[in-house]
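**Q** Turn these sequences into a full structure, and let the hints steer you where they fit.
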Amino acid sequence: MRRLFTAVLACLGITATALVDSAPAYATGFTTYGSGVNVRADAYLSAAVVRTLSGPTSIDVDCQKHGDRVSNSDGTSEWWAHVPALGGYVTVVYVSVPQDKLPGVPECGTDNPPPAGGDITLADVQAMFGTRIANPSIVETGLPSLNQAMRDANINTAYRKAAFLATLVHESRLEYNIREIGDTRLYGGRGYIQLTGDFNYGPAGQYFGIDLLGNPDLAMSLQWSAPIARWYWTVARNINPYADNLDMGRVNAAIGYPAGAEDQRRCDSFKNAIRYLTGSVPSGVICTRPSALKGDTSKLTRTQFDDLAKNGGGLG
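Following full-length UniProt numbering, the numbering of the sequence shown begins with 1 at its first residue and continues without gaps.
Because the hints were derived from the structure by calculation, they are not lab data.
Quantities reported herein were computed from a predicted structural model and do not represent experimental measurements.
Not one of these hints is a red herring.
Derived lysine-lysine pairs resembling DSS-like cross-links, with alpha carbons at most 25 Å apart:
#: 1; residue 1: K294; residue 2: K310
#: 2; residue 1: K294; residue 2: K271
#: 3; residue 1: K101; residue 2: K65
#: 4; residue 1: K299; residue 2: K310
**A** Right under this line is the structure:
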């Protein structure tokens, strides 16, 4: 049925919507079918929707991941196609192939090549942030897990990498095992993203199936610090689109602290990182927040934050 759908499109001369983003050289082209197909941040129905396809769309898939089972009238699949240009995963059940697993596509995290630009190294972050890298040996120890988290979060462009790394270097100096200095609260800041508050420890622990409320120090362990940063960036918030728009104001607001001089410091680090990664700083970098996001947004739900960001002239 899925194969027949693609053939009918060709006979009618209907061209599926194409993605304008350039695809990795190792990606394989497919076409989705149907309308209202969700692109999710991960291969699970509970993962955040990062985009919805209005109709048949040409997609370039770099790998596929086993996840939640999805069924429709044409079949069932537990496989999800990773589409870098869309920043997420599409269930294979809505890809126009007769199989329930994409042919010729490697599984994510096994045979798929690294993302464009390669992994971030200690030399990279030292060049971007200078003396903010205070403990190089700790930073270097954590980089393999941090690079994996960046791949999992689709932090795969210069702008996204710059926003993510600039944020973490100000939160934690890129040290996975850091505890917020002087913070004696049970759920005070820990790890790369400085996870704070039971309203974050609880949902993050539930997402990963670990007891963060009962053992909050797991948030600054080598095993969990980077995945938790990825969770906050893509699940608790949806920050990649702000990085795409060079909107460091909204990135900073999404992290959850009141507006002030720190915003400009982080924006300067963002520019330094972009300059290092691309050779120049593009015009249009936004360092200030809209008025609706100037307060402490840390306790807002993702939906509440998204609503404020849009009302403040966000991404539409």
